[in-house]
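Protein chains: 2
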Amino acid sequence: MENVAHILLQKKIRPSVQRVKVLSYLLEKRNHPTVDMIYTELHPQMPTLSRTTVYNTLELFRENQLVNTLDFGEGSLRYDAFCSPHCHFECEECGQVFDIETPPPAIDGLVPSGFSLSRTSLYLYGKCRGCRRESTL
Amino acid sequence: MENVAHILLQKKIRPSVQRVKVLSYLLEKRNHPTVDMIYTELHPQMPTLSRTTVYNTLELFRENQLVNTLDFGEGSLRYDAFCSPHCHFECEECGQVFDIETPPPAIDGLVPSGFSLSRTSLYLYGKCRGCRRESTL
DNA sequence: TGACAAATTTGTAATTATTACAAATATATA
DNA sequence: TATATATTTGTAATAATTACAAATTTGTCA
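Protein chains in written order, with the numbering used here: chain A, 247 to 383; chain W, 247 to 383.
Everything labelled a hint here was simulated from the structure, so no lab data went into it. Check the hints yourself; a few may be wrong.
Said to hold, decoys possible - If you want the ones that stay clear, here's a sample from chain A, every Cβ over 12 Å from chain W, calculated: (1) Ser-262; (2) Arg-276; (3) Met-292; (4) Pro-350; (5) Phe-361; (6) Thr-366; (7) Arg-375.
Stated by the list, open to error - For the chain W half of the interface with chain A, some residues (derived, Cβ under 8 Å), not all of them: (8) Met-283; (9) Tyr-285; (10) Pro-349; (11) Pro-351; (12) Leu-356; (13) Leu-368; (14) Tyr-369; (15) Leu-370; (16) Tyr-371; (17) Arg-375; (18) Arg-378; (19) Glu-380; (20) Ser-381.
In this text, a Cβ means the ideal position worked out from N, Cα and C, and glycines have one as well.
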C-alpha cells in the first residue's frame, strides 16, 4: 500500500511497483522467504517480474537496513523485514522459520581480548509444535 | 598418522589414504577449512585426489559425528573437527575463523511451548586482534 | 596366490543459487 | 516534448555442490 511506499521514501528509495510488492510481501507474510519463494508468489501477478529484480531489490533493502539475511545452511538465503534484535527457529521437519522474540543472548566477555564484535547470529533448530503433534498421531 | 586411523576405525570407517589425510588436515590445522581449502592443500601431495572425494569424505565424517559444518553465510560451508559445544568467530577482514571455547549460551525457555530444540548455532562476526592492529598502524 | 565381490575413488556432467552485464523500459527533469 | 537518469529485464557467467557411472583399490576366500 501507500504505507509501504512511505517506508521506502523515508530511506530515499524510489517506490517502484516491484519494490513495493517485494517489501509488502515481506511485511505481510512474515515468513522469512527465500528469493525463490518471493519470485514464485509474485510472478503470477507481475508476469514481467525478473528473478534478478528480486535479488537486486533485496540487496538494496539490505544496504538500507530494511531487511536482514538469514542463513540456516540450506543453500539459499532467507530474508527478514523485521530488524529488531531477535532469534530464529527453523523446523527441521517442515522448514518453516519462526521468530523468537528474545534478543540474542549477551555474549560480552566471550570474545578474546583485542577482538571487536560487530554482530552475532543465533540459529535454533528443532521441531515446531505442528510437526511434533503430527509425529505422535 | 596411525593415531588418526584409529579414530576412523573406532567409527568403523575404513582408513583409506584419502580419509586419513583429510581428517589429519582438520585435526592439525584447526582452521575450519572449506572444501576448496582442503582440496587445494592436499592436491599437490596426492595428484589423483578428486574434489568429489573431499565432499564424500566430509559427508561421511559428518554422518559419524567426526565433524560439524559451519555456515557463516559466505556461500561455502566450513568444517570443524572439534565437536565439543563451542562458538565461532569469523573475522570480517581476513576471513579467519576462531574457536570461542564457551558453550553456546543457554536458551532454555526461549522456544515457544510445544517446540523441541535439537541444536543451536551461534555465530560471532567482527575483527580479530591482528586485523584491528593493522587498521590502526 | 589368484579370482571375485565389495568398497572407494575419480572425473565428468547436472543442478542450484547467485552475480555480471548489457539492452530495454520507465521515470524525472528541463 | 526531449533528454538524462534510474530501474528492470533476460541471458550468460560463476561457484558450490550433487549425481552418477567408470575405474581403481581392497578384502575375502578357495
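Do the hints match the structure? See the list:
Here A/Ser-262 stays apart from chain W, with its beta-carbon at least about 27 Å from theirs, past the 12 Å limit. Every Cβ of chain W is farther than 12 Å from the Cβ of A/Arg-276; the closest lies at roughly 15 Å, confirming the non-interface assignment. No Cβ of chain W approaches the Cβ of A/Met-292 within 12 Å, the least distance being about 28 Å, so the stated non-interface status holds. At roughly 8 Å, the least C-beta separation between A/Pro-350 and chain W is not larger than 12 Å, which violates its mark as non-interface.
The claim that A/Phe-361 is not at the interface with chain W is violated, since a C-beta of that chain comes within 12 Å of its own (minimum 6 Å). With a closest Cβ-Cβ approach of about 5 Å to chain W, A/Thr-366 is found to fall inside the 12 Å limit, against its non-interface label. Not every beta carbon of chain W lies more than 12 Å from that of A/Arg-375, the smallest distance being close to 3 Å; the non-interface claim is violated. Annotation: interface hint on W/Met-283 violated; nearest CB of chain A at approximately 18 Å, more than 8 Å.
Restraint check, W/Tyr-285 versus chain A: the minimum CB separation of about 20 Å is more than 8 Å; hint violated. Because the smallest distance between the Cβ of W/Pro-349 and any Cβ of chain A comes to about 10 Å, over 8 Å, the interface hint for this residue is violated. Nearest Cβ of chain A to the Cβ of W/Pro-351: about 4 Å, under the 8 Å cut. The hint holds. Given the 8 Å rule on beta carbons, the hint for W/Leu-356 holds: about 5 Å separates it from the nearest Cβ of chain A.
Look at W/Leu-368: its Cβ gets to within about 5 Å of chain A, closer than 8 Å, so that hint holds up. With a cut of 8 Å, the hint placing W/Tyr-369 at the interface with chain A holds, because the nearest CB-to-CB distance is about 5 Å. Residue-level restraint check for W/Leu-370 holds (minimum Cβ-Cβ distance to chain A is 5 Å; threshold 8 Å). Checking W/Tyr-371 against chain A by beta carbon gives a least distance of about 5 Å; that is within 8 Å, so the hint holds.
Taking 8 Å as the C-beta contact cut-off toward chain A, the hint placing W/Arg-375 at the interface holds, the least distance being around 3 Å. Checking W/Arg-378 against chain A: minimum C-beta separation of about 6 Å stays under 8 Å; hint holds. Among the interface hints, the one on W/Glu-380 is violated; its C-beta lies about 12 Å from the nearest C-beta in chain A, farther than the 8 Å criterion. Hint status for W/Ser-381: violated, given a least beta-carbon distance of 10 Å to chain A, over 8 Å.
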